[in-house]
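**Student:** Take the two lone chains and join them into the complex the hints point to.
Here are the chains, one letter per residue:
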Amino acid sequence: GDSVTQMEGPVTLSEEAFLTINCTYTATGYPSLFWYVQYPGEGLQLLLKATKADDKGSNKGFEATYRKETTSFHLEKGSVQVSDSAVYFCALSDRQAGTALIFGKGTTLSVSS
Amino acid sequence: DVKVTQSSRYLVKRTGEKVFLECVQDMDHENMFWYRQDPGLGLRLIYFSYDVKMKEKGDIPEGYSVSREKKERFSLILESASTNQTSMYLCASNSGYSNQPQHFGDGTRLSIL
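If you read the protein sequences in the order shown, they are chains W and F. Quick note on the numbering used here: the first sequence kicks off at -8 and runs consecutively. Quick note on the numbering used here: the second sequence kicks off at 141 and runs consecutively.
Because the hints were derived from the structure by calculation, they are not lab data. Be aware that a few hints might be false.
Said to hold, decoys possible - Under the rule of at most 30 Å between Cα atoms (straight-line distance), these lysine-lysine pairs were calculated in the DSBU-like manner:
hint : chain 1 : residue 1 : chain 2 : residue 2
1    : W       : 59        : W       : 43
2    : W       : 51        : F       : 158
3    : W       : 68        : W       : 47
4    : F       : 195       : W       : 96
5    : W       : 43        : F       : 195
6    : F       : 143       : F       : 153
7    : F       : 193       : F       : 211
8    : W       : 68        : W       : 51
9    : W       : 51        : W       : 96
10   : F       : 210       : F       : 197
11   : F       : 143       : F       : 210
12   : F       : 197       : F       : 211
13   : W       : 96        : W       : 59
14   : W       : 68        : F       : 143
15   : W       : 96        : F       : 153
16   : F       : 195       : F       : 143
17   : F       : 193       : F       : 143
18   : F       : 158       : F       : 210
19   : F       : 158       : F       : 211
20   : F       : 158       : W       : 43
21   : W       : 51        : F       : 143
22   : F       : 158       : F       : 193
23   : F       : 197       : F       : 143
24   : W       : 47        : F       : 143
25   : F       : 143       : F       : 158
26   : F       : 210       : W       : 43
27   : F       : 195       : F       : 211
28   : W       : 96        : W       : 43
29   : F       : 143       : W       : 96
30   : F       : 210       : F       : 193
So here's chain F without its partners, still in its complex pose (with noise of 0.2 Å):
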């Protein structure tokens, strides 16, 4: 089974703070993506990646940044984290099809206070 896996469940941080949200998947998968969930919104694609190095913006970009150095790891940069950041935040993986499905890992629940 694939296994992806966002470092921290829960995270509490302080406006200003640089914050860095941790991902890594385990199946060798080309594409990883960083999503924010929020309630009545659904998921907003902020960051995808294709392969190292490779970034690409999704529809919520400002105010992020992301860093993939190695293909099994994908991080997600708050450079200065705010109170309307406060969300949650899920990762995802797949293969370079898009008839593939997405793998989720369980989710970062980030509150910025």
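Bound conformation, chain W alone (with noise of 0.2 Å):
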């Protein structure tokens, strides 16, 4: 069946540094792919999508790009900051599977000034 993977955490980060986050998938049909991101004692909120391939999503500095040919979907950031401190999930939604999503395990982030 259709699975997401991203990478284990805790990331710990420096303010301004560089930040990747590894996602791969696994899917039958042509999924649509998203970056959720978790706020301390919040609800989840969409980060970016992207939904056919070498689609690039980006928001607030975020950016992901749709790769098919690695079935990846790795978030970056060039510069971190603190309130960028949160819990980040890969998903997938699968047309052949109907519209729920498929999650990630999520990682969470923690940088420090």
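**Tutor:** See below:
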């Protein structure tokens, strides 16, 4: 079945460091890919999405490119801030499986000043 | 902006009680979802619904049921609460296309004593 694998955390960085959180997927169809962020005590918020191969999603300085050849959707940010400390989830939605999301287990990011 | 509202942020119940978690969305979305979130396990789908009075089992439906009598409201029911149902519960909704993101409520942290 479909699945999402993302790097284990926690990831600990200093402010202004470069961030990469790896995400790979397995899907039988042509999935849409998402990154969600969860700040402490809150629900999940959509960070960015990509719906077809080679699409690049971007928001708030974060970027991720849909790579069909490597089945990956890695999240990157050039310069993290303390306010980026949160849990990040990679997810896919496969048309063949309806619209329910399949999530990775989440990566905790902690940024210190 | 889409608003998904969960009736309680925190809830404490006793084993054996029947527990109702309510979720309301204001965007006329066809699809609604219930997930539970546990450390190290990420988000797991309990039930979802594509339309009023329609429901589908997710990955972990045992011990739960749902009700969707109106399009905007999706209720999760713990028939006889047990301590292993202590968790964070997240409700989400989206329109009927797999490339559309899900919008999440802030979650209900449920403790079963």
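**Student:** Name the hints, by number, that the structure is in violation of.
**Tutor:** 2, 20, 26
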